[in-house]
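Colleague: Take the given structure of chain S and dock chains U and D to it, following the hints.
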Amino acid sequence: MRVVVDLNRCQGYAQCAFLAPDVFAMHGEEALLYDGEPDGTRRLDVLRAEAACPVKAITVEGAGAAWTAAGAGVSNGP
Amino acid sequence: MALDGSLERLRREGRIVVVGASLAGLRAAETLREEGFTGTLTMIGDEPYEPYDRPPLSKQVLLGRVPADHTALPRRRAIEAQWRLGAAATGLDLSAKRVALADGTSVEYDRLLIATGVRSRPWPNELEAGLDGVFVLRTRDDATRLRHRLKAGPSRVLVIGAGFTGSEIASVCRERDLPVTVAERGPTPLSGALGSVIGDVAAQLHHQHGVDLRCGVMVTGLEGDGVGRLRRAHFSDGGTVDAEVAVVALGATRNTEWLAGSGLAAGPRGIACDAGCRAFDVRGIVADDVFVAGDVARSPHPLFGYRFLSLEHWGNAVAQAEVAAHNMICRGEERRPHLWTPYFWSAQFGVNIKSVGVPNMADQIIVSQGSLGEHRFTAAYGYQGRVIAAVTFDQAKWLEFYQRQIEQAAPFPPPFATVDRRTEGMRPVPAGFPDPSVPTHGPQVTVSGYSPTDQRVTFTPAGHGHHA
Amino acid sequence: MTSVALLGQILDYANRADPYPLYAELRRTPVVRDESGPYLVSTYWEIHSLLHDPRVSSDIRNLAPEAKTAPRTEDPDLPPSFIRLDPPDHDRLRRLIMRTYGPPHAPRRVYGLRGEISGIVSGLIDRFQGRDRIDLVDDFSYPFPVTVICRLLGVPQEDEQRFHGWADTVATAIEPAVGTPEEQQAHWQAIREAHHQLAEYLSGLIAQRRRAPREDMISALATDRGADESPMSLPEMLSNLTLLLIAGHETTVNLITNGMLTLLRHPDTLKQLRADPDLVIPLVEELLRFEPPVQLLPERTTLDDIEIAGTTIPQGASLWLVPASGNRDPRRFPEPDRFLPDRPDNQHFGFGSGIHNCIGSPLARLEAQAALAELVRRLDNPRLVEDPPPYRHNAVLRGPRHLPIAFDGLSR
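Chains as they are written, first to last, in full-length UniProt numbering: chain S, 1 to 78; chain U, 1 to 468; chain D, 1 to 412.
Watch out, some of these pointers could steer you wrong.
Now the in silico label distances, taken between C-beta atoms and shown as ranges [to be verified]:
(1) U/386 to D/66: 34 to 40 Å
(2) D/276 to U/122: 49 to 55 Å
(3) D/381 to S/64: 27 to 33 Å
Hints were generated in silico from the structure; no laboratory data involved.
Ideal placement from N, C-alpha and C gives every residue a C-beta, glycine not left out.
Extracted from the complex, chain S is given alone in its bound form (with noise of 0.2 Å):
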């Protein structure tokens, strides 16, 4: 699973860091820490936080859920 946070859209409104918070981290009030390759395990975590997040900042890769923006396994890379 693969993650990226545009960290210009987000305003900290810290939505991942409730609902995922052993992937997303807020360092402070509002600065936002990541892990871009969470563990398969955090999958519903993630869908939840890219959910909720209410500037979808958040692009999920490889969650194998349908509604995201980058459905499972799209990734060709090399």
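Modeller: Frame of chain S; chains U and D shown alone:
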């Protein structure tokens, strides 16, 4: 949609080459496929890795919270590309439409996108730069090496340059409880990007977190011990500091050397292109089949007097890549301009710093909400009586409002009442940008001349501009 | 200047079941003065812009004297809660609450409730055994979030019943007062008494947790010393805890009830959710757009004249934003009146936006996701008994008062 024959053929079976396999290159590739390009897509990158995200490197990766290889960028869709990774582009033949690679091969194109980005400006003295313990931070490998060294617990880290990257590295060191000295040529950290009024707040953050911050000094030399390890740094004020690690954070230089002699208007300030991302050649005429996007591009922005802006910004790379990709495969009248309002963020000392617009064009600043002393505020920048930029410290939710003010060329200082206006928000003060003739460390936006034919777009011979 | 006479209709109980045609009418003029006084903002981008506009105040003390109308809904003997304040006071109080409730200081407070949430959901559904009809509101949607908020705050289980009584009474302050002047007088008196009893109870609990702190949020609030600013005073704690309590009582109940109602009106989606329970994640976002529990944001005002969408809202005006209308704005959402569980780019106003965005949103999301997925999984052939169901009076916190559902059996 009626397409003329050649464009239709290009979209169906053309050859598009993207030089630069990072954020801009990847997003452009995705956009090309999204918009129906079914031909051959070749991605050329000098690093051996598939596209990864760089901002985490100076934050969660250096902190040790996330491994450096956990930064690969998710794909928004399949791009079915031929990847040529680990092979840098070394030359461009515009008339033959061919890119030469470091491995001796070459790739032909019908349309070319240049997204080669920037690299860290190295320490100018090569001998000193080669000392064990002297680092730069730009790539995943840089981050892995530096993180390994920080983990070993050096007696002191010297950060040379207090721009955004230097300040973020200093912040990480303090969080890792490492003694750190920061040397900055300007009067404050971040003064080149945000001016010294905000820079003073940044300096307070450094001090509050135990950084030995030295402003107004230059590092004049790095001294090794007998076996080639960094031991000491010398400053222009005669002082010295003993350090086992030095991180050179003097900003970036654009990866354009490979274009020397190609006939494109490429130089140390980047590659000039029009608002539609088409590259200019040295005569100031746009090429129809060569496009530019990301950190390496310089393009005119209507909001800022059509000045050519070079933006080392994540969001700019994405937005410009999308525009470039669209324009590469559409009819002339369907081309779009790249009108992105510059947006930038940095996280340091637990504070989220965001800016919108082009602060370093400003002459004045006003703290419109909150308080500098509390390190939570929103400040607006003014230029000739208009709002030109804004910055927030831990107040990102207000930034959109100021973006609209910029886009509407709203009057400065803002003539209205707002929530959380303090006494310091009653009148504007000089923003405190350094004289542009005195370079500071790594401003994230550089503003240059007004037209593609000004003196900066000149043929630049090979070997130019390492220490521009 | 044009004005409309729509607010009265929106507030009129006769239109409670389907206010959306009124909102569509409202959107014909994005920013308009209602003849009853307030300025109404009904279109997506205008609402968005005002929610992020520092000239907009949530502190009704900034209303011009002639714009002051409604009585205060909070305890008049306590300071205003944080949602009725502007920065910097709002920010300070919200930060202090966040220190005990969310990241970065308490990042697992809500996440850690997931087990308890699914346990409460299962327990409530187990009680449907042997029945073929329930009232979703009384049997599930109401008791569920109330129990969760009590666990979160740390109200002992044996006190939950007393607690519910006070909270219910206090919450009626949000409803418009009805009846004779004497009845209204009695209504306000009862609310005030409930406020006092609740405050007294909370004060006792706070004192107790100061002496012997536990893992709950009241203990954390009671013992927090703040970081670089003064910690909450006791009156501040009382007013803000009351707010959290009411919000926990009165909003999630509607989200869950509206959710089941919407699913039962869209049987294909219900089937889809049964087959793919993870679909509940984006589905709850669509629900927050389609049937938001908070329909209107009344009682904001302006610190300066604001020109927007061709109208100038004067300083001190009463400003009502209508997020439930913005959520149906066709300029923002294609096919806005369709319920699409996997709608892309769903940046709805279900929890507001900007600095006053709902602090309870992560909890509400987890609750609604757990509740809807489990109800749909376990209820065999659920169907509406009446449509529309009877609604609560409240136009702001809108939702069914009862939702009778018939079903054939219960899965394990």
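Colleague: Hints first: check each against the structure and report whether it holds.
Modeller: Hint-by-hint comparison with the structure:
1. A hinted range of 34 to 40 Å for the beta carbons of residue 386 of chain U and residue 66 of chain D is consistent with their spacing of about 36 Å.
2. In this structure the supplied range 49 to 55 Å holds for residue 276 of chain D paired with residue 122 of chain U, their Cβ-Cβ distance being about 53 Å.
3. The beta-carbon spacing between residue 381 of chain D and residue 64 of chain S, approximately 29 Å, falls within the hinted interval of 27 to 33 Å.
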